[in-house]
Structures are given as C-alpha cells and as structure tokens.
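So the protein sequences, as listed, match chains A and B.
Under the working numbering, the first sequence is numbered contiguously, ending at residue 136.
Under the working numbering, the second sequence is numbered contiguously, ending at residue 589.
Hints in this document: simulated from the structure, not taken from any laboratory.
A quick note: this is a predicted structure, and the numbers were derived from the prediction, not measured.
Ideal placement from N, C-alpha and C gives every residue a C-beta, glycine not left out.
One should not assume that every hint holds.
With a straight-line cut-off of 25 Å between C-alpha atoms, the simulated PhoX-like cross-links for lysine-lysine are [stated by the list, open to error]: (1) A:Lys-50 x A:Lys-63; (2) A:Lys-63 x B:Lys-317; (3) A:Lys-63 x B:Lys-334; (4) A:Lys-76 x A:Lys-63; (5) A:Lys-76 x B:Lys-334; (6) A:Lys-50 x A:Lys-76; (7) A:Lys-63 x B:Lys-385; (8) A:Lys-50 x B:Lys-317.
Here are the in silico distance ranges between beta carbons for each label pair [claimed, not checked]: (9) A:Gly-78 x B:Leu-511: 25 to 33 Å; (10) A:Ala-41 x B:Met-498: 25 to 33 Å; (11) B:Arg-336 x A:Gly-78: 33 to 41 Å; (12) A:Ala-69 x B:Arg-343: 40 to 48 Å; (13) A:Lys-63 x B:Met-309: 36 to 44 Å; (14) A:Gly-57 x B:Gln-314: 33 to 41 Å; (15) B:Val-389 x A:Pro-127: 23 to 31 Å.
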Amino acid sequence: MTPNTPGATSRNESPDAFASDLLRGHTDTIVLGVLRTADRYGFEIYKTIRDATGGRYEIKEATLYATFRRLDKDGLVEAYWGDETQGGRRKYYRITDAGRAVYRQNVLDWTATQQIINTLLNLPTTHQKETER
Amino acid sequence: MNADSSDIHRLLDEAFAGVTMTPELQDLKEELRGNLAARSAELQAKGRDAASAARTAVAELGSIPELIAAVRADAGTPLSPGAAAAEAARLHRVRPKPGFVVRASVLSVAILAFGFHVVYDLVEQHGAANSLDAQLWAIGFAVLVAALVTDSLHQETAQHYPMPLFRSVRWGLAAGFLAAGIGYGLFFFWHHPPLALLAAAIILALVGIMVMIALGVTQTNRLKPWALEQNRQYEIDDRFSQDPAAAARFGIYTVIIWIVAIALFVVLSIAVGFVWSWLALVAGLVVFFLVLTRMLFAPTK
C-alpha cells in the first residue's frame with residue numbers, strides 16, 4: 004500500500020485502496036502465475052510481484068504465507084527445501100498440474116469478468132484483439 | 289550473508305519466544321529465516337548495515353504472532369499419528385538432486401550395456417569367455433554396480449538422512465564384489481575353465497557377503513525424527529531391540545554356523561574337490577538366514 008506514484012501508465016483512475024482490494028482477491032492466481040515459469044521461494048515470489056508492478060502494489064508478506072499454505076493444502080503447489088547451507092534453507096514452491104489448471108481457469112474467469120464489467124461500465128475492452136458481440 | 293544473518297536468528301528467536309513449537313511452526317520459522325535472510329541480503333546490497341537491514345526485513349514481514357496464530361488455527365484438529373507423520377514427511381520433502389538422477393540413469397544404462405555384453409560373451413563367444421577383453425567387461429560391470437549402489441545410498445531421501453560416504457562406499461564395494469563373484473561363477477558353469485576361477489568367484493562372493501553382513505549388523509537407524517516417532521507409535525520395534533539377549537544368542541549361532549560351514553567347505557574341497565564343496569557354503573548361508581528369520585520374527589507366545 005505504498006502511495007500511488009503519479010504514474011503515466013495508470014489506466015485506472017479509481018482510488019488505490021480499491022485497486023488493492025481487487026488485487027488481493029486474486030493473490031492466489033497471481034502467485035500461481037509467478038510460479039508458472041520457475042520454482043521460487045517466498046521472498047523471491049514477493050520480490051517478483053513487487054518488481055513486476057514497479058513497486059506500486061505490495062502484497063503483505065504475511066498475506067503471502069497464508070496464500071502459500073492454502074495453495075499447498077489444496078494441492079495447487081508443493082513445497083520442498085533447497086539445499087542452501089548458509090543463511091537459512093529456503094523453502095521453494097513448485098506449481099502442480101492441478102495448480103496450472105486452476106491458474107488457466109482463473110485467467111479465463113478474469114477475462115470474462117473484465118469484459119462484462121467493461122461492458123457494464125461502458126468502457127472499451129482493454130484487449131483490442133477481443134471482439135465484442 | 290553468512291556472518292550477517294545472526295541478527296535475523298536473534299530477532300526470529302525473540303518472535304518465537306515462549307511459543308510451544310510444533311512441526312508446522314518449526315517449518316514456518318525455518319521458512320521465515322530463509323526469506324528474511326534473502327531480504328536482508330538485498331537491503332545490505334543497497335548499503336544498509338546488517339543490524340538495520342535485519343530489523344527492516346522483520347518489520348516489513350508483518351505480524352509474526354498473527355502468522356503463528358494462523359498456523360496454529362490450521363492445525364486445529366489433532367492428526368492421527370500416521371497422518372501426522374505423513375504430514376511431517378510431506379513438509380520435509382527432499383528434492384532429488386538433478387545430478388544424482390542423471391548419474392543414476394547413466395549408470396543404469398551402462399550397467400545394462402555391460403551386463404548384456406558379459407552375457408553375450410558367455411553364451412555366444414565360447415572361445416572368448418576367458419579372454420582379457422571379456423574379463424574387463426565383467427570387471428567394468430562390477431565397478432558400475434558398486435558406483436550405483438554407493439551413489440544411491442549416499443542420497444538424502446524424504447525418509448532417510450544420507451548415509452555417510454565411507455559406509456556407502458563399503459556397501460558399494462560389497463555389492464561390486466558380489467556382482468563380480470556371481471559373474472565369475474557363471475563363467476565357471478558355462479565354460480569350466482580352471483578351478484582358480486571358481487575359487488576367485490567364491491572368494492569374491494564370500495567377501496561381498498561378509499562385508500554386507502558386517503555392515504548390516506552394525507547399521508544404525510538413520511530414519512528421520514518423524515519417521516522414528518511413527519515407528520514408536522506403531523510399536524514395530526524388531527525383536528533384537530526388544531530383547532538384547534536374543535541378539536546375543538543370534539550372534540553366537542552365526543559364528544557357529546559359519547565355522548561349521550567353512551570347515552565343511554575346506555574338508556570337502558580336499559576330499560571331493562571344488563565341484564561339490566561350495567555347497568557347504570550355500571548350506572551355511574541357508575541355515576544362517578533360517579536362524580535369522582526364526583529369531584527376528586519369533587512367534588509371539
């Protein structure tokens with residue numbers, strides 16, 4: 004929840020709090036998306052999200068731990084320990100096939116929701132490629 | 289970051305002070321330690337000193353007591369011992385090292401190739417079976433078996449800590465000796481070469497078996513703590529741990545069996561010859577295992 008930098012790219016004029024709430028609802032999907040390309044440990048996931056949003060959106064690390072445990076319990080990711088010998092072992096997370104399926108489904112759901120909301124708000128769809136009926 | 293993470297250890301210990309540790313909380317603490325160390329290292333790379341970097345990393349993390357409470361709540365319903373052990377094993381999953389997987393695959397393929405070549409020499413190349421070339425293939429086969437056994441035993445698995453290198457090397461050598469012994473034995477039965485070869489086969493196999501027995505008898509339990517706990521829960525202690533006297537009796541029986549078997553072997557070798565005398569050793573082995581089975585899994589009264 005860092006103050007919004009006056010961003011030129013910000014397409015969204017809604018207050019920052021609203022965007023954060025919206026984003027928080029998708030934490031699971033965001034984490035799954037980050038893990039899609041590589042196994043990562045907790046701080047690495049946090050850092051990837053932080054850097055990808057240019058620091059405009061920071062998930063609380065504590066929230067992430069709850070997410071990891073939930074995803075692990077649901078079998079969407081699996082955890083294993085790395086073999087670092089110094090500075091504490093790292094717990095890595097790997098996305099499972101079930102996790103990939105859930106990720107794909109959530110992305111489809113999000114795309115559909117986004118189109119509906121855009122239609123209802125009389126906004127042009129963000130993705131120009133997608134033709135509206 | 290090695291020397292600089294002492295602040296993190298201290299702050300983490302403070303945050304967990306007075307908390308009754310469960311496997312889940314221990315797991316959380318270790319995970320936090322690794323992540324805090326990474327964040328602290330990142331801050332230090334930007335020029336912060338170790339102490340303030342550690343404090344910032346811990347402060348940024350959020351409320352550790354809340355995290356602890358959340359983990360506690362997750363583990364609300366106590367698990368059955370078996371489920372708890374399975375959970376602990378899952379939490380401590382060990383990733384097979386990619387290098388090991390590659391080595392094991394390559395060695396297995398090589399063992400197959402060498403094994404086929406040895407069998408081919410035996411069955412097809414009647415004349416060549418005694419040649420240096422065939423022997424080299426057989427020795428290569430034994431060395432590869434030894435390497436695979438050593439390498440595999442030296443891996444940490446989800447259930448076991450890695451076996452010490454020296455002990456796994458001895459297991460590997462024993463397996464290699466046994467493989468070589470069996471190989472030489474096969475040579476003998478197919479082609480009836482000089483008796484020296486049979487003697488070599490028996491000595492190799494015997495050394496292999498003896499070393500394996502010695503290693504097996506002195507093997508300590510290297511299971512991980514939660515697996516040991518599971519064993520305690522299920523009370524599947526073997527007879528020898530429950531009754532040391534039985535173990536002592538078994539040791540004495542073993543000595544007697546092998547003295548008799550080896551004496552018989554020597555006498556038969558002189559009286560009848562090598563063609564039959566080796567049966568004494570086989571008989572000794574059979575009796576040894578029968579006694580072992582009988583004593584280890586005695587019927588309960």
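A quick look at each hint next to the structure:
no., hint, verdict
1, A:Lys-50 x A:Lys-63, "11 Å, holds"
2, A:Lys-63 x B:Lys-317, "17 Å, holds"
3, A:Lys-63 x B:Lys-334, "21 Å, holds"
4, A:Lys-76 x A:Lys-63, "20 Å, holds"
5, A:Lys-76 x B:Lys-334, "36 Å, violated"
6, A:Lys-50 x A:Lys-76, "23 Å, holds"
7, A:Lys-63 x B:Lys-385, "32 Å, violated"
8, A:Lys-50 x B:Lys-317, "20 Å, holds"
9, A:Gly-78 x B:Leu-511: 25 to 33 Å, "26 Å, holds"
10, A:Ala-41 x B:Met-498: 25 to 33 Å, "49 Å, violated"
11, B:Arg-336 x A:Gly-78: 33 to 41 Å, "39 Å, holds"
12, A:Ala-69 x B:Arg-343: 40 to 48 Å, "23 Å, violated"
13, A:Lys-63 x B:Met-309: 36 to 44 Å, "24 Å, violated"
14, A:Gly-57 x B:Gln-314: 33 to 41 Å, "36 Å, holds"
15, B:Val-389 x A:Pro-127: 23 to 31 Å, "51 Å, violated"
The structure does not agree with the numbered hints 5, 7, 10, 12, 13 and 15 stated previously, though it agrees with the rest.
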